[in-house]
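Chemist: Heads up: the protein sequence lines correspond to chains C and R, in order. Reading the first sequence from the start, the letters are residues 121 to 447 in our numbering. Reading the second sequence from the start, the letters are residues 452 to 794 in our numbering.
By construction, these hints were calculated from the structure, which means they are not laboratory data. Heads up, a few of these hints could be off.
[As the list claims (entries may be wrong)] Okay, derived cross-link-like pairs now, SDA-like style, lysine to any residue, Cα gap no bigger than 20 Å in a straight line:
#1 C:362 to R:582
#2 R:557 to C:356
#3 R:526 to C:146
#4 R:557 to C:346
#5 C:362 to R:551
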Amino acid sequence: MLNYIARRLINMIVLLVAISFIGFFIIQLPPGSFLDVELQRLRSLGGDVSRDQIKALELRYGINDPFLVKYWKWVERSSRGDFGTSYMTDQSVGERIWGRLSVSLGLSLFALLFTWLISIPIGVYSATHRYTIPDYVVTLIQFIGLAVPGFLLALILLIFATRYFNQQVGGINSSEFMDQPMSVAKFIDMVNHIWIAVVVLAFGATAGLTRVMRANLLDVLNMQYIQTARAKGLDEAVVIWKHAVRNAIHPLVMSLGTLLPALIVGETLVAQVLSLPTIGPMYLDALRAEDMYLAGTILVMLSGLLLIGNLLADLLLAWVDPRVRLE
Amino acid sequence: MTSQPTTPTTTATDDVVRVEDLQVNFYTQLGVVRALNGVSFNIPRGKVLGIVGESGCGKSITGMSIMQLVASVGKTEGGKILFNESAGGNPINILDYERNSPEMRKIRGNNISMIFQEPMSSLNPCYTISDQIEEAIRLHQTEDKVESRKRAIEVLTKVGMPNPDRIADSFPHELSGGMRQRAMIAMALSCTPTLLIADEPTTALDVTTEANILDLMRELQSEIGTSIMFITHNMGVVAQMCDEVAVMYLGRVVERATVDDIFYEPRHPYTIALLQSIPRLGRTKGILASIEGSVPDPYSRVTGCPFHPRCPVAIKGVCDTILPEETIVDAAKGHTVRCHLYS
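Construct the complete structure from the given sequences, taking the supplied hints into account.
Modeler: Below, the structure is given as structure tokens:
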């Protein structure tokens with residue numbers, strides 16, 4: 121097993137290098153560069169930029185270096201923990217990403233937990249009470265959940281939160297807590313703010329996973345070993361939760377691998393609507409401004425999360441089902 | 452084989468299970484399927500009763516009904532299933548209990564246990580063999596983990612597992628079909644039940660393994676004294692395993708006799724036809740006999756004797772209108788038949 125994990129880790133590093141190379145290449149493909157975007161901005165402000173100034177800026181940002189040189193500089197510095205400087209703000213990329221990535225990650229993990237806690241019991245209920253009124257209600261809500269886009273739901277919740285609960289919304293903290301260190305009051309304030317985002321992010325995913333859980337459990341309940349378990353004299357609840365759910369949960373575990381990055385990127389629109397300082401909107405801005413180092417680093421980090429998520433999902437699956445355990 | 456054909460059945464006084472006029476209907480979207488139309492038979496204590504019939508005649512449903520494990524679309528709408536735990540005791544009607552009631556669950560796996568047809572899928576792939584056997588032992592016998600493990604190993608040894616300690620910690624997918632069926636038998640016998648219902652336990656196995664498993668079951672049966680209800684469609688298996696036989700057709704028992712009477716003095720035309728359709732090495736010439744027609748559509752109801760459309764000796768005007776009653780042809784041996792030829 122350890123051998124297997126080691127092999128997977130080496131594979132992951134190779135993959136990350138390949139992704140970073142291709143990603144970096146694609147990001148710089150569009151004509152022009154960050155400097156053009158910047159010059160346009162300066163000119164639109166009315167100022168004129170002299171040829172010497174442009175030269176100096178080009179030199180400073182290494183705009184005219186060949187692709188491979190740029191890539192190499194970035195990789196070499198990244199390996200020392202320095203991901204370069206963002207063109208847009210002159211801040212270090214690491215610094216800019218870190219705060220936002222932690223918000224994104226926290227939000228996604230909350231949403232993931234929420235998704236699982238809701239979709240498994242509801243899926244099980246729906247399957248064991250098939251073709252009853254509660255099952256139809258659940259199914260209806262699921263289809264609504266799949267069909268309503270996240271940002272719309274976010275807007276609706278925002279209106280309810282401000283109008284009926286008199287809540288300050290948007291961002292992750294109220295203004296009075298903005299620059300204060302973490303405290304109980306600040307944490308409560310944070311929960312008050314992010315529940316909308318968590319609900320919105322979890323809603324769509326929950327709808328899908330509940331459907332999958334229901335369908336799988338229905339298949340498993342027809343298996344012979346469920347009858348065997350009943351024939352032993354086990355209580356129906358034990359039969360369902362111990363013998364059936366464990367065999368029906370595979371797709372949920374596998375979806376964990378792709379759900380993590382999907383939640384992080386999927387929140388872009390929702391984060392825009394709720395003005396949350398997450399990684400999604402920043403990634404979008406960086407791509408539009410051709411801020412290569414920032415965009416490249418975010419891309420590699422998201423890919424890393426995808427790979428780690430998949431590894432975790434595989435390990436979890438091996439723990440759940442002995443048939444996939446590897447020697 | 453230890454069957455004693457000449458011993459008169461003492462069944463009237465000591466039956467493990469007595470099924471009386473059991474009726475089970477399935478309510479499906481296409482209509483009502485009358486799966487069991489008044490099934491009556493008894494399983495004498497310590498004997499092996501074979502239940503024989505074509506697919507769809509209700510053999511498995513009968514077994515499932517005794518365990519109260521029929522799918523929820525199937526409704527038991529009449530009859531009694533009297534279970535008598537020990538000789539001379541008071542029989543209880545299993546149907547008085549709710550499906551998932553504590554009383555019913557106490558009977559399941561403890562007093563009555565069951566082996567299924569598919570050894571490949573009848574064990575949960577996520578748990579080890581010992582986990583699954585110990586689960587039943589801990590539920591009914593002892594909650595002590597060391598003790599239950601010890602008993603699991605014992606029962607695995609009893610069913611002839613070559614390396615019980617290693618097998619106990621194996622997962623089902625690591626065992627062959629024959630081994631899995633042995634593990635299932637071990638699980639079913641782990642609480643030394645009074646009655647074992649075996650629903651075609653060897654149908655999915657190859658003939659060599661089948662012979663081994665049948666020998667094993669016979670051996671364990673005489674050792675533990677468990678009564679067995681052996682559901683099969685294979686007359687060869689019946690000859691090897693059973694003391695007595697009930698032949699079923701379309702949800703009714705049409706003939707009930709000792710195993711020797713079934714083979715040497717079959718009375719019901721259906722039993723006779725079943726026996727004629729067994730190929731015999733060296734003896735069959737030409738085309739093998741088969742029963743004409745096929746089992747009627749399950750949603751329709753046949754008037755009169757359910758077998759009359761396929762019966763070669765059906766009496767016009769009688770068999771197609773009047774349902775034959777159960778008639779005793781040999782009281783001493785407990786031979787009964789449902790056919791107008793004998794009434």
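Chemist: List, from low to high, the hint numbers that the structure doesn't satisfy.
Modeler: Going through the list in order, the structure violates hint 3 alone and respects the others.
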